[in-house]
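Starting from the given sequences, assemble the full structure and let the hints guide the process.
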Amino acid sequence: MMEYEAVIGLEVHAELKTKSKIFCSCSTEFGADPNTQVCPICLGHPGTLPVLNKRVVDFAIKAALALNCDIAEYTKFDRKNYFYPDLPKGYQTSQYDFPIAENGYLTIKINGKEKRIGITRLHMEEDAGKLIHSGDDIARADYSLVDFNRAGVPLIEIVSEPDIRTPEEARVYLEQLKAILQYTEVSDCKMQEGSLRCDANVSVRPKGSSKFGTKTELKNMNSFKALQKALEYEINRQIEQLEKGIPIVQETRTWNEQKGITEAMRSKEEAHDYRYFPEPDMVSLAIDREWVEEIRKSLPELPVERKNRLIRDYGLPEYDAEVITSSKALADFYDECVDIYDNPKEISNWVMGELLRLLNANNMEVEDSPIKPKDLVGLLELQKKGTISGKIAKQVFDEMFETGKDAETIVKEKNLVQISDVGELEKIIDKVMEANPKSVEDYRSGKERALKFLVGQVMKETKGKANPQLVNEIFKKKL
Amino acid sequence: MEVTKMKAHEIHEMLKKGDIGVRELTEVFLDRIEKIDDKIKAYITVNREKALEQADRVDAGIRKEENTDVLAGIPMALKDNICTKDINTTCSSKMLHNYKPPYNATVVEKLEEKGAVMLGKLNLDEFAMGSSTENSWFFTTRNPWDLERVPGGSSGGSAAAVAAGEAVYSLGSDTGGSIRQPAAFCGVVGLKPTYGRVSRNGLVAFASSLDQIGPITKDVKDCALVFQAITGFDPKDTTSVNTPVPDYEKILDDNIKGLRIGIPKEYFREGISSEVKDRIREAIDVLERLGAICEETSLPHTEYALPAYYIISTAEAGSNLARFDGVRYGYRNMDAEDLISMYSTTRSEGFGPEVKRRIILGTYALSSGNYDTYYLKALKVRTLIKQDFDRAWEEFDVLVTPTTPTTAFKMGEKTKDPVSMYVSDLLTVPANMAGIPAITVPCGLIDGLPVGMQIMAKPFAEDVLLKTAYAYECHRGFEITAPELEVN
Amino acid sequence: MPLTREEVEQVAMVARLELSEEEAENYTQELNSILQYVDKLHELDLKNVEPMVHVLTINNVFREDKVGEGLSRDAALDNAPRKEDGQFIVPKIV
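Chains as they are written, first to last, in our numbering: chain L, 1 to 479; chain S, 1 to 488; chain Z, 1 to 94.
A few of these clues could be false.
Stated by the list, open to error - Taking lysine-lysine and the DSS-like style, the derived pairs with C-alpha atoms no more than 30 Å apart in a straight line are:
no., chain 1, residue 1, chain 2, residue 2
1, S, K458, Z, K40
2, L, K80, Z, K40
3, Z, K66, L, K297
4, L, K130, Z, K66
Don't read these hints as lab results, they were simulated from the structure.
Put into structure tokens, the structure is as follows:
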């Protein structure tokens, strides 16, 4: 069989975190009742005109700078004409031949190897409303409902070069892009709320060929995992077709998560001719360099720089630094802890271990964590002071996560303070030795392991509260 | 004199002196509409109750001397493509026959603030596409000078209402001549302001880069007053311009000594009736006698303005009218079972033939493959037209031309041949293409039908336009008033 | 004729207009006569002419990112031909 390689380009849409919509003053907040965040402008009433939200331009420039793009000096909006019920004006106000930014790149790292993925362009546009299909419910039968709350929420579209070769690269690119947009605080990038969306163009060709094969466009991939899986499926599908001698049809395909396959979308309609033309209701934009420099100055530390800093300043292993900086919120959490508790490695263990475990298990974002940096540090201090043991600390952490109480309160309430009183410990140890003469014997005859068992019995007796170091010492003395 | 024949500034004096109250005045106009509008057919909606409420409010304000604005209490009416909150705004289309906008156009807000009394909404060619009001879904408006003839269009209702004394003044909109051509046909004054001078917020768009709202009035002074009231930057329209607005009334005087007037020869070619040319030449004589310096000039790309206009205006219109899909407002075919047929039946039934013709032309002009051949070319021609004018401003303060090639034509005369209808915009379209201001003033009659003289000036030079028109009007030596209708 | 009836019907479809036999026939004729008139543009040499998108030379007109008052849900749906539960109804999208 011939060897093939895939050629993949991604088109990513990210909703910008502005307070108001791109062309009107309606709120962009997610989750409101349908059609409660609308006005004549975003409902496309006749006679209304768009008035551009300046922050949209600021955010677009910021994201573009973080993606190493050239910022245009002249840019304008265009109309993309097509009919769809969620599109109030019958056209989407977008950017066509003069996007705000072009020629950027993003560096991804896979198996320790760095690769640069080109970014063709970044442009601003408006989001459409939402269609609710009453599909599964046969009783309510044959119509759909339209909610225009999302219509007019600002978007940036980021189009990559066809530089991506594997589904894994695609996933890592998207993860990295998400991190950058979150770091620059231009977007929440919540895939489950639809504030980050991704389409892919994919084709295959014999390895070594420089010609592009016929591509298909993949839609409806709602998670990183879905993106990777859809691409894997589609690449195999295309290869199988070519092997059978069936040419690839240029079409739009949708990812069916349940079935785990891509399916062609109906293609009976006429090929899309969007009839782009300059938006006559808006004036063009001239972006002077001072404006760009001002925004450049405000750029925060980006993921790669931050990762390098964590390695350099705190001596973290690269793996730890990468995990922690993969999300800005997590990295902020980490930095805040390190600021008030000087043990970077211990913190990274807790953050990467316990914290992420509980967040993932509860499907929560770092921002929503009931345990704040000062709470974690409070716990670590109790442990360091010897008030609680390491084992108890994990138990307390779980409790903190569940109840939102701080460590000290929990330790007090549950009486989890470590027993470090020698007299008290000796009494317990005596009791354990009395009850386990065989083990005492074993240890004395040289079986080291017997000590572990005896210490374990003491911990059991004290419900884990005994200071393990002290217990060890006392045992060694007595035996 | 009957108040229905009077100008706004004259009525203002009466109101000030207390010779008449706003309510009484409003009732006189409402009665006249009731009496004669079944002959003229200018009004789609008469706003009786709300007009009287507003009249009472303004009466109180005038009595307490809180409202001294010259437009306070003056009854006026609006072209029905200007949005009025909770009052039907139909664009003379079945598509919007029941549409009640949830907001007011900026010009409506501005006039309301001054205490204007809005009598109702006036007929137009559907979505302002046409030159005769014959494209209205409701009915055709008649020319008060001859009921067998059209009032012009698309602001035919606006011009006819003013000429027939059914409103003191009105607002129209002008995309390719839609204020000036009907004003000329009906013997009244009409101004298309500089693009960007008046907010388009609330004007149902036909062609966004060409549309402007402007006044239609009985004389130039009223024109200046109404223009003053509606002009200025509007944060809701980012294509409106933030430049100082002069006091237009103050600058009105009849001294135009030394004014440099260009007479572009392309506006006097074949297709322009020789009698129309005669009236314009007589008017130019008046201006010369007042000390203006008149000279022939050339705007060489004039003949390309109209074809380029038809590409640009329809391309924009095709897109602007895409929002009429039966989802959020307006007409909808309720029987359609799938999405595509809901769209196509709603739109096919909701739009009239001329609107559909232009949507198809505009869609065609923007289709891939045609963009460069038609749309892009038209944009380039637009540059050439603008450059023609820019060169003219180096030598002249204003340009004077006929407003229309002929006087008002008979109903049905041009409905069969779209191109012949389009050609009636020949002389007005270039000003829209270049974004410059242009005014039409009545300058005589031919066989009992009025003729309009068009004056154009450089962007934002409405002051020069108004002054020139005012000087001419003061010295032309005759009044032009539509004959009184016979009412039984 | 440069523009065929099929083309006219196709363009109408793009614009979501359904034409009757008669309309398609008439529009084809009329559009051809309009295009013939418009073809006058081809007489000009426009190679070195910049297109003019807008007569205005102004740019950078913005609003601040502030939330203002919109429409109530009732007002938003007031003109809707079909509505339910605060939403607009459209035929099912297949």
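**K80 of chain L paired with K40 of chain Z [C-alpha distance capped at 30 Å]** = 28 Å, holds
**Asked** Quick one, are K66 of chain Z and K297 of chain L close enough, alpha carbons at most 30 Å?
**Response** 24 Å, holds
**Message:** For K130 of chain L and K66 of chain Z, compute the direct alpha-carbon distance and say whether it is at most 30 Å.
**Reply:** OK: K130 of chain L and K66 of chain Z at ~23 Å, within 30 Å.
**Restraint status (C-alpha distance of K458 of chain S to K40 of chain Z at most 30 Å)** = 27 Å, holds
Going through the hint list in order, the structure satisfies each hint without exception.
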